[in-house]
Amino acid sequence: MPIKHPNLKLSRLTDALPAWTGDISPDDLHEICRQVHDGGGRLVALWGSDARLQSGGFKLHLVLVNETGMVCLNVTLSAEQPMYPDISQIFPAANRMQRATYDLLGIYAQEGHDHRKWLRHGAWHSGSFPLRKDFDAAASRIPLPNPPPEGEGTTVPSPAETGDKDKFYEPDDYGFVRVEGQGVHEIPVGPVHSGIIEPGHFRFSIIGERVLRLEERLGYVHKGIEKRFESMSLQQGAKLAGRVSGDSTVAYAWAYAMAAESIAGVTPPKRALWLRALLLERERVANHLGDLGYLGNDVALSFGLSQFWILKEQVLRNNATVFGHRYLMDKIVPGGVTVNLDVEGKHIIERECDMLEQQVRLLRGIYDEHAGMQDRFIGTGRVEPKLAAQLGLCGLAGRASAQAWDARVQFACAPYDKLNVQMATYRNGDVAARVIVRFDELFESLRLQSEILAKLVNEEDTPLLLEKLPGNGFGIGMVEGWRGEVLVAIHTDAEGNLTRVHPHDPSWQNWPLLEHAVIDNIVPDFPLINKSFNLSYSGQDL
Amino acid sequence: MEYLNLILAILFQLAQLLLVVLLAPLLTGWVNQCQAWLQNRSGAGVLQPYRVLRKLFQKDAVIAYNASPLFRVTPYIVFGCMWLAAAIIPIIAVDLPFSQAADVIALVGVFAVARVFLALAAMDIGTAFGSLGARREMLVSFLAEPALLMVFFTASMISHSTQMPRIVDALAHHQFMLYPSLAFAALAFVIVLLAENARIPVDNPTTHLELTMIHEAMILEYSARHLALIEWASSLKLFAYISIGIALFLPHGIVAVGNWAGLPLAIAFLLLKMLAAGAGLAVFEAISAKLRIFRAPEFLGTAFLLAVLGLLIHFLLGA
Chain A
1 MPIKHPNLKL SRLTDALPAW TGDISPDDLH EICRQVHDGG GRLVALWGSD
51 ARLQSGGFKL HLVLVNETGM VCLNVTLSAE QPMYPDISQI FPAANRMQRA
101 TYDLLGIYAQ EGHDHRKWLR HGAWHSGSFP LRKDFDAAAS RIPLPNPPPE
151 GEGTTVPSPA ETGDKDKFYE PDDYGFVRVE GQGVHEIPVG PVHSGIIEPG
201 HFRFSIIGER VLRLEERLGY VHKGIEKRFE SMSLQQGAKL AGRVSGDSTV
251 AYAWAYAMAA ESIAGVTPPK RALWLRALLL ERERVANHLG DLGYLGNDVA
301 LSFGLSQFWI LKEQVLRNNA TVFGHRYLMD KIVPGGVTVN LDVEGKHIIE
351 RECDMLEQQV RLLRGIYDEH AGMQDRFIGT GRVEPKLAAQ LGLCGLAGRA
401 SAQAWDARVQ FACAPYDKLN VQMATYRNGD VAARVIVRFD ELFESLRLQS
451 EILAKLVNEE DTPLLLEKLP GNGFGIGMVE GWRGEVLVAI HTDAEGNLTR
501 VHPHDPSWQN WPLLEHAVID NIVPDFPLIN KSFNLSYSGQ DL
Chain B
1 MEYLNLILAI LFQLAQLLLV VLLAPLLTGW VNQCQAWLQN RSGAGVLQPY
51 RVLRKLFQKD AVIAYNASPL FRVTPYIVFG CMWLAAAIIP IIAVDLPFSQ
101 AADVIALVGV FAVARVFLAL AAMDIGTAFG SLGARREMLV SFLAEPALLM
151 VFFTASMISH STQMPRIVDA LAHHQFMLYP SLAFAALAFV IVLLAENARI
201 PVDNPTTHLE LTMIHEAMIL EYSARHLALI EWASSLKLFA YISIGIALFL
251 PHGIVAVGNW AGLPLAIAFL LLKMLAAGAG LAVFEAISAK LRIFRAPEFL
301 GTAFLLAVLG LLIHFLLGA
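So the protein sequences, as listed, match chains A and B.
The working numbering numbers the first residue of the first sequence as 1 and each following residue consecutively.
The working numbering numbers the first residue of the second sequence as 1 and each following residue consecutively.
Incorrect hints may appear among the rest.
List of simulated lysine to any residue pairs, SDA-like, C-alpha gap at most 25 Å [as the list claims (entries may be wrong)]:
no., chain 1, residue 1, chain 2, residue 2
1, A, Lys531, B, His160
2, A, Lys531, B, Glu210
3, A, Lys133, A, Leu53
4, A, Lys312, B, Asn32
5, A, Lys312, B, Trp37
6, A, Lys312, B, Gly43
7, A, Lys531, B, His208
Some chain A residues close to chain B (C-beta under 7 Å, calculated; not the full set) [what the hints assert, rightly or not]:
no., residue
8, Val299
9, Ser302
10, Phe303
11, Met355
12, Pro524
13, Pro527
Residues of chain B placed beyond 10 Å of chain A at every Cβ, according to the derived structure [to be verified]:
no., residue
14, Leu8
15, Leu14
16, Leu56
17, Pro69
18, Gln100
19, Ser161
20, Arg166
21, Ala186
22, Leu211
23, Gly253
24, Leu263
25, Met274
26, Leu312
27, Phe315
What the hints contain is simulated information worked out from the structure, not anything from laboratory work.
Heads up, the beta-carbon is just placed ideally off N, CA and C, and yes, glycines get one too.
Okay, chain A solo, but in the shape it has when bound:
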């Protein structure tokens, strides 16, 4: 058992993972967090739930993890004044999660130093909280300022002319930290960018070309995913989970299925688990290929972009041929998988793996020997291992900064317990390191795919589709997606309906590190550094 504390009784979650859960009071929170932190553990996720109907109060949930396992702590908070002590001093990664939890549920981190809003962008009033069960959506909505009359030519009235006419309109202000000094100025970038990418605002404080500080503002793609889950059935929820962040659809769907299966106490058929691993590795390969191409493009080597994207496209087309969907959406459902693999499909994947192995090795040689490219990569956007450990950098970017953590290795659930995954790590923490880790993981994933194909059990599957979960259940699932660990937590009410689903993206932990990675770099290197992390906006905006 990973944590010992006199006031904490842990019970094992019936789960594929070494996971425990236990209830504590807010007073013990600091002590336990400190203990886990000092023992080398870190915070994976933090969310809240409105349990006023069941237990007369709100709840705060934290997932802490160390080498021996993971623990989900449930902190009971009062219904009138839901408050808990701020833990961002212990786990800096908690800061944005705490602010988001306040925006959505109104539970407040006491003594915290940063209480700025995070996900609320002026779409609903500051006193109303969407994830509370008594939330009135219609009454809380803030109307947009009046749209300009149509057919008036190209002149659009300036915000000053229309802005304060509607008394309900609340201008979206956000207190960015200002850097003062001779010659310091700001560049606001986004949320609308000149390329077709997700929206996010970046505020650079620079002197000349040197970046003194970068502050991110995210939340522009807040879609109310968590609220939407509450009114969905289990299988509908699987569909939504697969769309939290489209590039990680397999990881999310699997984590969701794992959480649901943990509540139901069932184990999917063996063959289904092997197929899930196959899908997950295919997702990893496709994304790494895409990123490696983009990284070439960001140093203006379009050759790299087109070569890697030809390969990625081949993978996507094979996905469509073999599994029926280019990005493998809706192939994993609670209880099993909706696909099967015939002999022909097996051959296609085998041929593809051989082809990729050969082609990527060739391209890696070109990337490694291109002096201009390596000059841009090496030393750019460095995150020292010490800082990475302190701030809880995870996933692929973490492994490039010597954070040797991969859920497929540490918490190898079936079928990874039979696959002996070789973790790719590197110490330098710069763009070059993140490129190297991508190449290494790509080759490892190709090897894993071949091994999965060889070991894939041919038992007749007994299709087992979960339709309904037991009442008052709680389960978590965690899967190492291509970007990092994806966690999904499911709470059910007395009838077994979904009452709260929290999908957690590794981007929550890694976005703040991007701010650190660009310090002292030059402005034109930011896109390259950003792409080397390639974090999800949608996954953290929810």
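Starting from the known structure of chain A, fit chain B onto it as the hints suggest.
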């Protein structure tokens, strides 16, 4: 007879003016098409720049509230400057009326005027990207300009004139001779050409990453006809630069005014050289990565050094 010569010269001049303004987008299209082929793409075809221009001219312009008249006139000035520059350079014939009026130093000045207006217009509306781009453009150009002048001086030393037609005449129409000094100048010129035309490795003309842009950052706020003029001017600039390169280093085939018989051959030569230069540019861009911006001064420093070496060699060897 005098009158006839003058009329002929004016006709030649008009022919060249029309030719450059119509052909310049074709060159850009050709470079883009070559790049597409080198990247395993089918490409949009060599006529794409014309389609883009037609599209842009049909659109309504969106202009920032706080834009001053400077912002509006800049596209016309930049276009005018580039067209003028292209008119000065002997592209198909020497001894054009315009080229008598301005020498190579004035040519550098014409380019500088366009750049100053573009930089001012970029800062005029006060967006962060505009001033960012203007600042970087100045960083690049204040290093590129001296190198360009040095290249011209080397050529002028050989031909004892700063007049473009004289230089071409001396290099093309006298006895054939190899000039080692010009080889150095040519290398320097290629570097300047890449930097001044916002090409890889100094800038990336196709990037969508606003934080890395130089030239594109300056023109982010332009739209419709203004953008069309600036794009067209960029094509003209590339055309003009390649023409300068041809005039200085590969002038064989440029005819004297009045030589009607040589004209078709001159045009054919021009097209051939342009095709080769465009393809060469595309190959170089395909295999290069963009430099970190603070490496650009080193890159342009190399150009200056090469141009000075060219001059020195001319003094030492007299060739």
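Consistency of the hints with the structure:
A distance of roughly 53 Å separates the Cα atoms of A:Lys531 and B:His160; the hinted pair therefore is violated under the 25 Å criterion. For the hint linking A:Lys531 to B:Glu210, the alpha-carbon distance of about 14 Å falls within 25 Å, and the restraint holds. A C-alpha spacing of about 9 Å is found between A:Lys133 and A:Leu53, which places the hinted pair at or below 25 Å, so the restraint holds. Restraint check for A:Lys312 and B:Asn32: the C-alpha separation of about 24 Å stays at or below 25 Å, so the hint holds.
With a C-alpha separation of about 19 Å, the suggested pair A:Lys312 and B:Trp37 falls inside the 25 Å cut-off, and the hint holds. Taking the CA atoms of A:Lys312 and B:Gly43, the gap is about 20 Å. The hint holds against a cut of 25 Å. Restraint check for A:Lys531 and B:His208: the C-alpha separation of about 13 Å stays at or below 25 Å, so the hint holds. Interface hint at A:Val299: satisfied, since its Cβ lies 4 Å from the closest Cβ of chain B, which is below the 7 Å cut-off.
Given hint, A:Ser302 at the interface with chain B, holds; its Cβ is 5 Å from that chain's nearest Cβ, closer than 7 Å. Given the 7 Å rule on beta carbons, the hint for A:Phe303 holds: about 6 Å separates it from the nearest Cβ of chain B. The restraint placing A:Met355 at the interface with chain B is violated, with a minimum CB-CB distance near 16 Å, outside the 7 Å limit. Given hint, A:Pro524 at the interface with chain B, holds; its Cβ is 4 Å from that chain's nearest Cβ, closer than 7 Å.
Checking A:Pro527 against chain B: minimum C-beta separation of about 4 Å stays under 7 Å; hint holds. Under the 10 Å C-beta cut-off, the non-interface status given to B:Leu8 relative to chain A holds; the minimum distance is some 46 Å. With a closest Cβ-Cβ approach of about 37 Å to chain A, B:Leu14 is found to remain outside the 10 Å limit, as its non-interface label requires. Under the 10 Å C-beta cut-off, the non-interface status given to B:Leu56 relative to chain A holds; the minimum distance is some 15 Å.
Separation of B:Pro69 from chain A is adequate, the least Cβ-Cβ distance of about 18 Å exceeding the 10 Å criterion. With a minimum CB-CB distance of about 41 Å to chain A, B:Gln100 clears the 10 Å threshold, and the non-interface call stands. Taking the minimum C-beta to C-beta distance to chain A, about 39 Å, the non-interface status of B:Ser161 holds against the 10 Å cut. Chain A leaves B:Arg166 outside its interface by the beta-carbon criterion, the shortest separation being 39 Å against a cut-off of 10 Å.
Every CB of chain A is more than 10 Å from the CB of B:Ala186 (nearest about 22 Å), matching its label as outside the interface. With a least beta-carbon separation of about 5 Å from chain A, B:Leu211 fails to lie farther than 10 Å from that chain, contradicting its non-interface assignment. Once the 10 Å rule is applied to beta carbons, B:Gly253 is consistent with being away from chain A; the minimum gap is 33 Å. Listed as outside the interface, B:Leu263 is consistent with that label: its C-beta sits roughly 39 Å from the nearest C-beta of chain A, beyond the 10 Å cut-off.
Non-interface status of B:Met274 relative to chain A is upheld: no Cβ of that chain comes within 10 Å, the nearest being about 23 Å off. The claim that B:Leu312 lies off the interface holds: its Cβ sits roughly 29 Å from the closest Cβ of chain A, which is beyond the 10 Å cut-off. Separation of B:Phe315 from chain A is adequate, the least Cβ-Cβ distance of about 34 Å exceeding the 10 Å criterion.
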